[in-house]
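Undergrad: This is what each chain is made of:
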Amino acid sequence: MTHPSEPRINNDLLRPLLLTSWRFYLLIALFGAFVLAGLVAWFSQMYFGFGISGLRWPVYWGFYITNFVFWIGISHAGTLISAILRLVNAGWRRPVTRCAEVITVFALMIGALFPLIHLGRPWLAFWLFPYPSERLIWPNFRSPLVWDFFAINTYLTGSVLFLLLPIIPDFAVVRDKSTGLRRKIYGALALGWRGTPKQWHRLETAMQIMAIAIIPVAVSVHTIVSFDFSMAPVPMWNTAIFGPYFVAGAIFSGIAGLIIAMAVLRKFLHLEDYLHPVHFENLGKLMLVMGLLWGYFVFNERLVTYYGNEPAEMAVFWRTQRESFAPLYWTMVICNFVLPLVLMGIRRFRTITGCVIASFGVIIGMWLERFLIVVPPLGAKYLPYSFGIYRPQPAEIAITAATFAAMCLLYVLFAKVVPIISIWELKAGEHPSPSLIPPATEEHPLGELHL
Amino acid sequence: MKAVYGLYPDGQSAQQAFNRLRAAGVATRDITVLSAQPMEDFEFGNLDKATWMWWFACLGGLLGMSAGFGLASLTETSWPMNVGGMPVFAWWPNLIIMFEMTMFGAITATVATLVVSALLPNRSRTLYDPEVTEGKILIGVENPPDGSIPDLERTLGSPLGARVKTV
Numbered sequence: 001m002t003h004p005s006e007p008r009i010n011n012d013l014l015r016p017l018l019l020t021s022w023r024f025y026l027l028i029a030l031f032g033a034f035v036l037a038g039l040v041a042w043f044s045q046m047y048f049g050f051g052i053s054g055l056r057w058p059v060y061w062g063f064y065i066t067n068f069v070f071w072i073g074i075s076h077a078g079t080l081i082s083a084i085l086r087l088v089n090a091g092w093r094r095p096v097t098r099c100a101e102v103i104t105v106f107a108l109m110i111g112a113l114f115p116l117i118h119l120g121r122p123w124l125a126f127w128l129f130p131y132p133s134e135r136l137i138w139p140n141f142r143s144p145l146v147w148d149f150f151a152i153n154t155y156l157t158g159s160v161l162f163l164l165l166p167i168i169p170d171f172a173v174v175r176d177k178s179t180g181l182r183r184k185i186y187g188a189l190a191l192g193w194r195g196t197p198k199q200w201h202r203l204e205t206a207m208q209i210m211a212i213a214i215i216p217v218a219v220s221v222h223t224i225v226s227f228d229f230s231m232a233p234v235p236m237w238n239t240a241i242f243g244p245y246f247v248a249g250a251i252f253s254g255i256a257g258l259i260i261a262m263a264v265l266r267k268f269l270h271l272e273d274y275l276h277p278v279h280f281e282n283l284g285k286l287m288l289v290m291g292l293l294w295g296y297f298v299f300n301e302r303l304v305t306y307y308g309n310e311p312a313e314m315a316v317f318w319r320t321q322r323e324s325f326a327p328l329y330w331t332m333v334i335c336n337f338v339l340p341l342v343l344m345g346i347r348r349f350r351t352i353t354g355c356v357i358a359s360f361g362v363i364i365g366m367w368l369e370r371f372l373i374v375v376p377p378l379g380a381k382y383l384p385y386s387f388g389i390y391r392p393q394p395a396e397i398a399i400t401a402a403t404f405a406a407m408c409l410l411y412v413l414f415a416k417v418v419p420i421i422s423i424w425e426l427k428a429g430e431h432p433s434p435s436l437i438p439p440a441t442e443e444h445p446l447g448e449l450h451l
Numbered sequence: 452m453k454a455v456y457g458l459y460p461d462g463q464s465a466q467q468a469f470n471r472l473r474a475a476g477v478a479t480r481d482i483t484v485l486s487a488q489p490m491e492d493f494e495f496g497n498l499d500k501a502t503w504m505w506w507f508a509c510l511g512g513l514l515g516m517s518a519g520f521g522l523a524s525l526t527e528t529s530w531p532m533n534v535g536g537m538p539v540f541a542w543w544p545n546l547i548i549m550f551e552m553t554m555f556g557a558i559t560a561t562v563a564t565l566v567v568s569a570l571l572p573n574r575s576r577t578l579y580d581p582e583v584t585e586g587k588i589l590i591g592v593e594n595p596p597d598g599s600i601p602d603l604e605r606t607l608g609s610p611l612g613a614r615v616k617t618v
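Protein chains in written order, with the working numbering: chain S, 1 to 451; chain F, 452 to 618.
Treat the hints with care, since some could be wrong.
As the list claims (entries may be wrong) - Here are the in silico distance ranges between beta carbons for each label pair:
#1 Arg480/F x Ala29/S: 52 to 58 Å
#2 Asn533/F x Val88/S: 45 to 51 Å
#3 Asn594/F x Ala90/S: 39 to 45 Å
#4 Gly521/F x Arg182/S: 24 to 30 Å
#5 Gly521/F x Ala90/S: 35 to 41 Å
#6 Val40/S x Gly536/F: 43 to 49 Å
#7 Ala518/F x Leu145/S: 29 to 35 Å
#8 Phe24/S x Ala475/F: 31 to 37 Å
Derived from the structure by calculation, the hints contain no laboratory data. Even glycine gets a Cβ: it sits at the ideal position worked out from N, Cα and C.
Sequences are here, hints too, so could you generate the full structure?
TA: Listed below in structure tokens is the structure:
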């Protein structure tokens, strides 16, 4: 395994910023076209009204809320994983953290957009903000939707800062390696960074505090998103298990998203010397653990409902197990449980390709899971008069596809202006403290340490 | 600005230069150290370590929690609503607002402390060499007393692999 020198680290990681190939423009055009199509669909919905969506009584929550929950879940990839790995001082985190933190920020932004899309009249979004008015809407701090506002904004602010702070030294590197206008821009972004011991120490202390603060915030965000459901008297929603179940699912899908992003970056930015198979293997193991945890929660939820034998809940239960939603349900089980268990459980399959295949499965499975939590219960509530069906319409499908394209677009643009792997952290990993070097064994040669 | 500094390929030689400067009578606070990564394994990488950042983070958290409590309690009592038979001021849901605001306060206080204590003060200092980015460690003295420059150059140039510059 090669250990790149410091000048080479600079050159390799700054190459995407300083050189632009035709592929970059192609990707921007491709993802931009999808995003544009999504915007057209959204504006059509605003112009023609909500009637062009499939949302109608009694199923008022469909694709949009599914996407909201899904993207907030994906956002758990970054900050949470990065914070945990930082706190336990896992050396192999160094090339991974920024890739992950970026996912968090963009996924949160996309996720937070869905309540606006779902409003139908986004210009009235300020009604969600806590401000005094005669409508008496805002002081209702007993509503989970108001909790969402606080939780998502705190997490987004924290995640943006958690991403930006360790970028400051890397902005200084770009400043030193560039000329002209680019040098001026990056010079301003570097905030006068020089690399004094005081600056390094303050930065590391700040990252430590942020890591400690951001973990409970991340857990709270998805717990609060789960409260949007579990606080409502809807069959199979009103359950205490939703908090941890949602958090486990969020981390699960987040890891899958991170693995896919890392594999794409490795391939297209030629980062083979930085993103090693061992990084994928370690994340694959984490994904396996989260997959087992997810399976445990699903089993719990289903078994308790089954034993409760409450008619309204059983109606939803059988809808998903063997009636109209059964194909989606069993696809979800295969994607979220069987596929990761086989591919990540058997060491021979725990390759980069295996991890990516399992991750795509998990992404599909977790989106289906969110859909199956949201839609079937709303179509089979306690009284038969409130039974109904939901069929997503082209506008909703276009907007959903556009958000995936938007994620890719934002990621590509970010990788164009910021080193996607933290340069200084990578360099710090190349020079570990002597006290951290364990004695050499046959299984663990010293050369493996910096991973 | 006048300055004399050496660029060193590794931590050991930088530490030697640092020690020699101090032995030559230069006060620790007058020595400038710059590196492309944290160098906490060496003495020169542990300058200015004392910080109030943890306390400021706690203070920010306390302020955030108070703000959360104030926001929830004042508004709920000012615009009383009956929600599901809960009390007008209900502790359980308000704890969520207070928690989020606590964390928000702690995070913003941490970042504010970092900016104020480590980034803003450095704007007036100018000694820098882009070779630091390439992995070199800079040890130097800004605005040295007149006549001391040749001695400083000798001191900084003695460790192995050193390159001394005067600006």
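Undergrad: Each hint needs a verdict: does it hold in this structure or not?
TA: Hints versus structure:
Hint check: Arg480/F to Ala29/S, Cβ distance near 55 Å, so the stated range 52 to 58 Å holds. For the hinted restraint 45 to 51 Å between Asn533/F and Val88/S, the CB-CB distance of approximately 47 Å keeps it satisfied. Judged by the Cβ atoms, the range 39 to 45 Å given for Asn594/F and Ala90/S holds: they are separated by roughly 43 Å. For the pair Gly521/F and Arg182/S, the beta carbons lie near 46 Å from each other, so the given range of 24 to 30 Å is not met.
Taking 35 to 41 Å as the suggested C-beta distance range, the pair Gly521/F and Ala90/S conforms, at roughly 40 Å. The supplied range of 43 to 49 Å is met by Val40/S and Gly536/F, whose beta-carbon atoms lie about 46 Å from each other. Take Ala518/F and Leu145/S: their Cβ atoms lie about 20 Å apart, and the range 29 to 35 Å is violated. Distance hint for Phe24/S and Ala475/F: a CB-CB separation of about 53 Å, inconsistent with the stated range 31 to 37 Å.
The structure shown violates the earlier hints numbered 4, 7 and 8.
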